[in-house]
Structure formats: structure tokens, C-alpha cells
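A.B. asks: The chain contents come next:
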Amino acid sequence: MSVTERFSAIRKGLLEFLILRIIASDKVYVADMLKRLGTTEFATQEGTLYPLLSKMRREGLVDYEWQESDAGPPRKYYELTAKGKSQLAELNEYWKYINATISQLGR
Amino acid sequence: MQKVITINLNGNAYQIDETGYAGLVAYLEGAQRQLADNPDRDEIVADLEQAIADKCRGFLGPHKTVVAAAEVEQIIREMGPVDGTGGTQPDDAGADRKARDARTATGAPRRLYLIHEGAMFAGVCNGLAAYAGVDVTIVRIVFLVLGLITKGGFGLVYLALAFVIPSADTSEERAAARGQTFNAQELIDRAKKNYADFKSRRDWRRQWRDARRRWRWHAWSVPPPSPPAGGYGARMMTGLLVPLLSLVSVLCFWFWLWAIYSLVTTNEVLGQALPDDIPLWGGILILVVIYQAVAWPLHNTRRRVVYYSFGGGYQPSIVAWDGVMSLGFGILIVWIAYQYLPEVREIIRTVPDVWDSFTR
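Protein chains in written order, with our numbering: chain D, 621 to 727; chain F, 24 to 383.
Hints listed in this document are in silico derivations from the structure and should not be mistaken for laboratory results.
Be aware that a few hints might be false.
Here are the simulated distance ranges between beta carbons [as the list claims (entries may be wrong)]:
1) Gly256(F) with Arg626(D): 32 to 42 Å
2) Ala629(D) with Val347(F): 47 to 57 Å
3) Thr29(F) with Lys705(D): 39 to 49 Å
4) Val89(F) with Asp646(D): 35 to 45 Å
5) Val89(F) with Gln687(D): 29 to 39 Å
6) Ala691(D) with Gly156(F): 13 to 23 Å
7) Ala36(F) with Tyr717(D): 46 to 56 Å
8) Lys703(D) with Thr88(F): 37 to 47 Å
9) Ala59(F) with Tyr717(D): 31 to 41 Å
10) Ala629(D) with His322(F): 51 to 61 Å
Glycine residues also receive a C-beta, built at the ideal position from the N, C-alpha and C atoms.
Start from the sequences and build out the full structure, keeping to the hints where you can.
C.D. replies: In C-alpha cells, the structure reads:
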């Protein structure tokens, strides 16, 4: 079992956190998110992202609005709700905490 | 000839051929099944259809109105399997593969380095093989054949390359030597492998000796603490500069020996006679001081150049090469002098006599 495989569950779990971060930094639509994730360890695909975004919307973390684009049909631009913002703040804190724990435990 | 089917993807009409259509229907039906329990099923499927439509548009142009089966296949691959759980189950082999593709696709610029891992000698063939993307055995055979054809003369080329090409010491450099983007994953893998090697070979003793030598090297040259390793260019320069400095040092040394010889035998150096009030041993002392004054900065510069460009690391290889090269230059210079300077030939011929008169 390679290390990438070993960490696949962790990456999967972190995807939602990263999506929150991406949406917090900018108003984005799905193709933007895929592009930003595409060059990283967290590269993902529409088949994963759309269901995830719909789940996050059901949980009230993100919302979208339709915006006309200059090329093609209107797009869904996602943004964080108030709940999403506080969730992200918590996750950021927790992530820092986890990192600190890892660097303190052993070497 | 393929039948063309017009489809409606979230309100966009597209024409695709029959095989492509079958693939697309299978994909969207699979998505429907996966999302059967999802309250947002219809919306997600509409989003997916829209995404597929956008990708289809990318394949069409003013003179291309039908999306081919292969293109549909590619689109479906890009979309990836639909995850009905909304990202709660750890099953993303697709994303894994894509991440790997992304890594290899955005390759860092490849650079020529010496690669010591698995090298026979200095890692020249290894580095060249990685640079050219061929098997190292092929490069070695080519080198061997060239060596045989030139009756060993090609060995000099190897030596020159070993000296001029910087060696890949950091993980980033090793990655660049193979034209890959450096990533933490490789670092972990390599560290693991190195640790295993380290343990299996049980060469901690050698490692310890190296460490001690390194410490002594630091204490001896007393440089400022831990200078950063130089860049590729700086190290290329070192490769060229160190042999040059060696050559100059060796020239100085032989010139000095010649000056002493000349002083002892003819009581003059370069036509300058030794003043009467200075004894012979005084003249020799002066020559020693002059030699030290010239050679010491040269020697020091050489050491500094090596030291700074390699980030303070003790480089046994470069020191060894330096020694070998100095010796080589020394012999070469004597040989040339013997060939072309009658005086030198005379000196060398008289050396046994001088030796005899000393020992007798």
C-alpha cells in the first residue's frame, strides 16, 4: 500500500475543508475549483465535486447564485454562508492544532 | 458511417455519434442510480449535464459539429465516477490517479547532474541517463565502447565531466536531474529507502568518521556558519574554477622548486643574483616565504570556492579529485618541461648525481 493510498481517506476528508477555503478566498464556480485543485494532491473531478457541493449546501455551509458568463450559459457561483464562515474558522483552528500535535509527537 | 444522435444536455442541444451516445447514457444512468437517495439528485444531474455540455463545446468548432465517441469517452473520464455519498466515503482511486497525472504533467525543467545513487564511479553515466531518459546501462556501454576506441582517452572526458557537472545533493536537485517535479512523497520514499540501506549495510562507523571529518573541516577552515549552497551556475563555475586553481597552484609549486634549484646551483633566480650579504639559506628562506605568500591565498580561495558552492558540506569526492588532478597536472607539467626545455632535461638528468652526492 503506497503512501498516497494510505492517505487517500485523509485527503478525501480534507476536500470539504479545502473547498471551504477556496470559496472563502474568492467567488468561484465549479470549473475554477477543479482548476485550483487540479495541480495539487487534492485533484478531483466533477463526479465528486457536484455531489459534495450539494451536500454542503444542504448543510447550509455554502450557497450559490446564478451569474451570466460572457462565454456560454449562466454559471453557479458559490459563496460561503455565515455558518460556512464560522465552520471554516473552526476548521482552520483545528487544522493548526492537529499540525502542532503532529510536530510535537515523536519525530 | 455512424448515426448521429441529437441530445439535450440541460437545455443545450448537441450532436454525438451513436457509440458516444451509448457511453453517455450509461454514465448519466449510473449517476442517477448513485444519487438515488440524494434529495438533490435532479439538480446534481443537471449540473453534471451542464459540465458535460461545456466540455462538448470545447470539442466543437465552426467545421466540427459532432462530438465523436472517443471524445465522449474522454469527457466521461474527466468527469470521474459520480460519488453518491457526497464525499463521505474514502474511495477516490480516480482522484489519486489524476493527482499523479497532474504531478508528472507539470514537469520541472530537467537538468544535468551527477547522480550518486546507484552510480559506478562519480555518477556521470547515471546523470546523463536520467537527463536523456534512457537506461543507464546503455550509457555505460556507450562510454565503455568510446573508452576502448580511444584507448582510454575517453576516460579523461569522463573525469572532466565528473568535475564540471554539479552533483545532485538535495532532493529537489535529484528530482530535477530526472525531470520530475519535486514532491514530499518522493522525499519520504527516498528517506525510507536510505534508512533501510543505512541499517542493512551497518555502515554507521563510516558515517561517524565522515561526520567527525566534516567537523574537523569546519574547525580548520573557520568559515562563517552554514553558508547556503550555491545555485546550479555557481557550482558549474566551481567545477571549472577548481581545476584552474589547481593548475595555477601546481605551476607555482614547480616554479618555486625550479627557483630553489636555480638558486642553489647558479646563485641567481631569473637573472637576479643573490646579494652578497645574504647567505644561501637566507635566500631559500625568502623563496619559501614568497611561495607561501602566493600559494596560501590560492589554496584558500580554492577551498572557499568549494566550501561556499557546496553549502559547507565536506566533499570527500571533490577533495580526492583535487589531489588526483594536482598530481596529474604536476606530472603533465614536468613531462612538457622535459620535452621542450633543455634546462629542465639537464636538471632531471643531474638529479641522481645530486642525490648521490647527498647520500654518500
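A.B. asks: Give a verdict on every hint.
C.D. replies: Status of the hints after comparison with the structure:
no., hint, result
1, Gly256(F) with Arg626(D): 32 to 42 Å, "39 Å, holds"
2, Ala629(D) with Val347(F): 47 to 57 Å, "54 Å, holds"
3, Thr29(F) with Lys705(D): 39 to 49 Å, "44 Å, holds"
4, Val89(F) with Asp646(D): 35 to 45 Å, "36 Å, holds"
5, Val89(F) with Gln687(D): 29 to 39 Å, "30 Å, holds"
6, Ala691(D) with Gly156(F): 13 to 23 Å, "39 Å, violated"
7, Ala36(F) with Tyr717(D): 46 to 56 Å, "52 Å, holds"
8, Lys703(D) with Thr88(F): 37 to 47 Å, "46 Å, holds"
9, Ala59(F) with Tyr717(D): 31 to 41 Å, "38 Å, holds"
10, Ala629(D) with His322(F): 51 to 61 Å, "59 Å, holds"
The structure does not agree with numbered hint 6 stated previously, though it agrees with all others.
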